[in-house]
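As given, the protein sequences belong to chains A and B, one line each in that order.
Residue numbers for the first sequence, in our numbering: 195 to 752.
Residue numbers for the second sequence, in our numbering: 30 to 585.
Everything hinted at is true.
So the derived list for chain B, only partly shown, Cβ under 7 angstroms to chain A, looks like this: (1) Trp-235; (2) Pro-265; (3) Asp-361; (4) Asp-407; (5) Thr-417; (6) Ala-523.
Chain B regions said to be covered by chain A (calculated; three or more residues, Cβ under 8 angstroms): (7) 225-231; (8) 529-540.
Each computed EDC-like pair below joins lysine to aspartate or glutamate, with the alpha-carbon atoms no more than 20 angstroms apart: (9) A:Lys-346 <-> B:Asp-367; (10) A:Lys-637 <-> A:Asp-657; (11) A:Lys-626 <-> B:Asp-407; (12) A:Lys-626 <-> B:Asp-244; (13) A:Lys-626 <-> B:Asp-245; (14) B:Lys-219 <-> A:Asp-527; (15) B:Lys-459 <-> A:Asp-410.
Derived from the structure by calculation, the hints contain no laboratory data.
Since the model is a prediction, treat every value here as computed from it, not as a measurement.
Ideal Cβ placement from N, Cα and C applies to all residues, glycine included.
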Amino acid sequence: MSDMTRRGFLKGAAVAPLVLKPLAAMGQQGPGSQRFDIVVAGAGHNSLITAAYLAKAGYRCVVLEGRPTIGGGVKTAELTLRGFQDDVCSTAQYFIQSNPMLRNNEIPLRDYGLQYIDPDPIMHMAFLDGSHITQWRDVERTIAEFAKFSKKDAAAYRRMYEEFNSVAPMFRESTFTPIGFGPSLPERLAAHPRGRLWQRRLAMSAWEIIKANFEDEHSRAFMVFLAHITSEAPDAPVSGRVAYTAFGQQHSGRPMPKGGSGKLAEALGRYIEAHNGVILPNKWVERFIIENGRCVGVECGDGTSYRADKAVVSTLHIKHLVDMAPHELWPQDFLDGVDTWQAEEAMFVSHYATSAPPVFPLQGGGTISPAETGLLVSPERALRVALDDACGNVNMEDPPMHCICCTLADPSRAPAGMHTLKLVTWYPYDIKQGPQHWDEIKKQVAEANLKQLRRFCPSLTPDKFLGEFIESPIDFERMNPHFWHGSAHAGAQNAAQTGPMRPMPGWAQHRMPIPGLYQTGACTYPGGSVSGAPGRNAAVVMLKDFGTSIEAVVSKKA
Amino acid sequence: MCAITRRGFMKGAALAPLALGPLSLHSQAVPAEHFDIVVAGAGHNSLITAAYLAKAGYRCLVLEGRPTVGGGVKTAQLTLRGFHDDVCSTAHSGIQANPLLRNDELHLGEYGLEYITPDPIFHVVFGDGTYLTQWRDPDRTAADFGKFSKKDAAAYRRMLAEFDSVKAVFGATSFNPIGFGPSLSELLAKVPRGKLWQRRLAMSAWEIIRDNFEDDHSRAALLFMGHLSSEAPIDPATGRFAYGFAGQQHGGRPLPKGGSGMLTQALARFIEAHNGVILTNKWVRSFIVENGRCAGVECDDGSSYRASKAVLSTIHIKHLVKMAPAQLWGQDFLDGVDTWQGERTMFVSHYATSVAPTYAVQGGSLTPTEAGVIANADRALRFGFDDTAGVVNLDQPPLQVICCSVADPSRTPPGMHTLKIIGFQPYNLKEGPQHWDEIKHQVDQAHLNYLRRFSPNLTNDKILARFLTSPVDIERMNPHFWHGSAHGGRMDAAQSGPMRPMLGWAQHRMPIPGLYQTGATTHPGGSVTGAPGRNAAVVMLKDFGTSIEEVVSRKA
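Extracted from the complex, chain B is given alone in its bound form (with noise of 0.2 angstroms):
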């Protein structure tokens, strides 16, 4: 076992060779001014919680260990200048709606913030050689269900038309706080057939899929979808994720124009434009508490920073426990963080080439900015067995392919791409973590040579540079993203709802009074939605006596 330390990170990331430019962001000298909050952490959803205290005229810091903000929702050069690459995160789909984003809560399009909806949404290509495309065309998609199967295109339809049913009920319970709201069961009790609905919820992704689609195809295509949030399709309680296709019907994958990393861009301009400071190259190292209290935080230079009113923290949780002394954190919190688990884990090769990956359908030639390959549906329903047992399966690897130059060439020089390649295996090898070292040009190769079955044009001269990162590269990248978790941790029964991140500290309040906490390891986890952001300031602000409601109706 590799236990990634957060004072070990800081050694490997001296290492690792990401070729990262601080952001412009200004002001890198240390004030002494006077803040009322300190955030630890510079995150999507971290610094969604400082935008609303910042437009609530709270003064805020945000303190962030790495030479730019953003987390997981950051773009950079990874392989040749002027290539700008998704370091994690690609699609915001999730986000779309959030009432941030929705309700425009924070004219974050006034920050440079601008969405590429690319169409198709997303295309399968199957080991047959056939494949199946999503377009923003619900019709149109339908049809491509039906050249598999009439059964199979009235179910897709029929399952766009349920999920319509539920959809709301979803976002209220992602959007409130655990406790600020009914919970999902009381909402879905007030919906037609809630009951099948928390069946459903309950089940496994495979079995909603398998009882719905007759066609291998359509199943495969499906299971692929479902299995981007990292849970295993077989597995009870991912029945929502057999949704994960037609949730994206109506929103799309959208991508912010010029990289993901372009909403915490926007983010960072509008907390600085609300009197707020963000400073980089600052690791937090410990809470200051006093009187029991968490007034503040130190970090690593030596330099440290008080909040008159609250920390944020964005820390992973593994981690945030070595930042006060055990005692502190009370018996049931740190048994929350000893039981958490990592998550099912991704390898992500990124290249620099001189031509988009094309897949060949009837009549021509396809181009689409995001693609999946997945065998067939026997081949996904081995995503969980093989992470569980640590086996690195190069056979027939599902891989989801990503060129966002295709629908956004600002992005590269002219005529050239930005590629990524998502593969899924374990983090926790047979031979340990740290054999990643050893095989990731292998694996990255065995990757590419299976796309090419798919995609033949992308032959070796067309790969100009390559940025390769194994599970444990993406933890040497982020230690946020624990165990080569992206999401923060699973997020399956154990770690869902009112037990993220542990039964009786799911409402962002931490057992240190002062402490309060957001993230991937918050309700409702991870992905792009800032709903752990958005839900941290609701209870913060209400703590501080006032309302997000509130705040958000005042004039700019």
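Pulled out of the complex, with its shape left as it was, chain A reads as follows (with noise of 0.2 angstroms):
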């Protein structure tokens, strides 16, 4: 087991061969002797519409990341060759279109250089007997997609589409409001004539739903593949939300930001400096100040520190955050809740520079070059990646693959005839050897990624490939600590890690133990994935606490 501290991180980091460069957007260095209302602890998305939303409220605020550019799991870089903008780590963000702050334009993030990409087709999805599902934007022409294998299948994508939009509202209200901030999810179904069936629903697991509704392999695998996307094993309980995966992102297609994910970190990093806010990188926060019980500050590793009138926001791994402060501050419960945090299933990515796109044949002729496809030879090699991952087994034998191309739906990522080309993967951090063993097999393991591409693929021949940044499971947590153990959401998002168990029950609604502390990001409700759920949330709480609230300052003029 490695056990990754933040000290030992830095030098970690040190080594990574990341090509990171700082925004130039960003503010002043100085930290001056100014006064702060808040400091907030790391900057990622949801710490950034935290604290955009208290900037807006007028409280001054300061930002501080650890690493030379904001963004987290949101942030886009060159990895492979320069001019190709790679996602670092997420790349579709659908999620947040729901979130009020834009579906309700209440950050207006537009004037701030944000601006969506929505590709047609949604998502390919490619099968080794030559033939292929595409979720297209129209919904009449992907129904007609599973009516290739299946009238059944065909008619249950309709319903199931049907039944998942009497319900979305539900879920997005739910999803956007802080843990016993309004009614629960199930409180909310009791209002639906089928609500006692949707709470069934959520409790089965996502296999035992899409089995029951289709009947076709293709249609199965394409299902359970969407509902595997996030990580979490779709045959386990509770897992039966991510089933409806596919009718999310067929409602809301999935957009990526014009120039790469990282745009929407860069749009909130200038709405904060345009509203009175500092972002400071390189500035790693070490320990948290505690004066009379209560968190007044930070410092950081160069020595300086910060102090914080009001309060103090962190998006530490909460694994991190209980080595910042005295362990007795933070009590048993805290701490038992931290002790028994589980990773989630790791993945493993490839960023590759390529001459070419990916080019899918069509059976019956034609081709297809889709910004994202899925790879999957039958629903069962999807529901092992939860065995080998607690077994601690590399299965190289067609590994399950997500193969994304953002330049295809936005060419201004990579110069004019080029294209960034992301494989995601999924293999087990904790290998039998142990994750330091990631260091003699990577290579290995992502020609294999690339020979199953090929099977799908073979006009992505070895000389279309220019460049390349291959990042394991442990690659991941050396590139940001909050990915502990190669958690790209921070940890599971399963039955004892959702709701009001995340991070710990008693804990979830953002106030930490130590009063003048709050908590953000993707260890705490609804948890990882670009949805800027846990940041808005975090917000509605501080306001709340600070005696205002986020209808009031939504409602101020800017």
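With the hints as a guide, bring both chains together as one complex.
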């Protein structure tokens, strides 16, 4: 087991070949002896969203980021070659489309450079028998794709889409409401005519739902691939909601920010600066300053310290958070929660600079070049990921793969005619020989992944590859200690770590056991992925504690 | 997909070579008597409910479709005359904490029930030939963990102490109907580290085991024991099953003398002694519904029985809903039945043998009543996957091996043994469940051959007869084992607590007034706990204007 500390990380990070250049737009580097109301430890998209709302409310915020660039898991950088803009972690940003921040334009991020591209098709899935299912923005066209395999499955897709739409507002409301600040999801579902059925569905496994509704192996593979895309095992109890991932994105598409995922974080950074906030990169928060039992600021690795008159907001991973203040300040139940926190199924990601995009042959002639493609040989192969993860097996036989070529939708990301290609696969962090062994085998695993890709996409011959950047699960953790044990969503998003249990029963409302300290980010409700929900929800709680409300702040003139 | 209907079952049952002798239960004649309660199906739970109701003075009629009562708690001569095999359940661990036995509420000892508690409790054998034995003495058990790791021995002691601190909470939730007492979370809020327990219950058993035990043998043994509930140890919300080993440390795994079915026999005698009537070979076909109320049942043989107070069913919910017009059940309930999932299934071989399985241990050999064979922790982690994928995995198959005659020689002719080998194989094969009929002999042979690597004395000449039940045979044997589910269906987050069998319908009261439900499809689910049975009695007695406490405190 690798026990990576934040200090150990600093050493590793120096070695990691990330060519992240500081953002040009970032403001003054001198902290000055200024007063701040809010000190934010870490600049992921969630903590930036919290800070943006607080800045809009008139609080003076300083955001401290340990790396040279802000963004956390929402970051774009030249990983392979100069001029190729790769998404370091997240790419598609569809959950956040229903966040009131964007939906109601509460923070007018378009004015700060954020622009979305909405690729069509949404997702293509190729099968080894030469057949395929393509998900188009047009739902009827998507349904026709299922009908190729089964009329019953086409009807099931239509029925499930309608069913999903009938509860989507309830899911959305509960996602964008902090725990205890509104009715719980079961309470909301009680108002739905089939609310009890939905409660059963949510407690079932995604696979049980998919299997009961779809009969054809292709349809099932498509549904189960999307169910697994956020790294949750589709056959685990209480994963029922991810059976509906296909319908969530049928509704919203899989939009990507023009220029790269990181454009969201950059726009937020600009917004905060435009609202009297200060963003300081290369400021590694080392510990909290506690006075009279209250968190009043932070100390950084470079010896500087920053004090907050009102509150400190952290987006540090909880496994590291508890090392930032004396142990006795964290009550036993919080420490128990941190101690029992579990990592998720980890990802293995290869970034490539290529001179050609992936081109998938279509049965009956023609080809397709989608921005996003899923490759899965059978539904069972996706169900095996959890078993291999539990056993620590590196299973290179037919690895399920998510293949993303953003430049097909957004040519601005690469030199003319060139492409960025990201291959996401799922392999365990905790392999039998220990996570450090990843350094020995990662080239071999990347090659196996490419070999699998070429079975579906033979045109991507080795001569088309100009540069590469491989991230094993342990590289993920080295890149960002918030990806604890390779967890891109900070940890499993299962029954034990969701809702009021995220991060721990009793501590799900963003208020930490140390007064004056708040927590946001993927360790908090509703969890990882680019939803911005933990960020906005933390703002809701903090603004309430400060005697105002997010509604009051949002309705203020900019 | 095989959809075995209750009608289809009757046909299959006629073909099944079960040598079940009818019990000596009296009065097969149909009296034109008056009954307060009609009970459809005689499993151990419905018999318990009927026993409490009979004690309360209600005249009960119990109708059982098979020639013998007992359901999953039945003993029969499956292999050869004189060899008494447990058809389904064997150990009666869970029911020991039921107030029925714990407080001796029904004096079943006077009706012939007697328990034997074997020592060792359980012997686990690993692929590398090493073993871990659970003895009644916790120190001796901890010392066995210590062979592999001192840290694990300490972890086992810690686990026992931790489990003791919440045992009462688990008991209180199991032996109370839903909504009749504080919920599990409310009770946990009152114990030290209750929030930690909430987290643990929502975690997977594997996560708890891995984080507390370092050695692969310790992990494999705990995973194996946790899996006996048929839930996959890597699944979320299986945390409780990490404590399966600890849970049986104090009470052991008691067996009724004479066979598992002695429990249901004793219950039947109790009911008959309290003015009740038990009729076998009475296959309930439909409910009689009058003015929207369930007023009795009709049987396949044309007979019908009316209940002046209530009808109690222990019929599997997948079949239950076919016994009255669909519109009477309400959409919610039908949705619940429609989404109901079968569990991970078992493949069971019963043998009559002239030896008991004997395992090599340091300085000699051991002949335990119960043993488990599990190659290693990785093999135990595969439990859920192969079932989901519909794969018959004969590579180092995990086995539960039970030889009751070691502890209870009364079950066989002198010197002979009954041997039950339980493997874990899926009902839903890729080729469909019917394919089991093609492969069951081959699977049985593979299980036996693997066991022989650890118990080489079980040579062919020691095997006198065998009786195989594949997952589909288990369903044919009893339609309550729907899709091979020995516990009525999965006992996971979607089908536990207030969700069993369906949200809003977990209090044993069914959507049709006058109809109550018990058995493994009700809270807290399958296994020999008698909890669904006693809980149903709690609810019914309350509805009848009295209480179980009042009934129990009456002089017999």
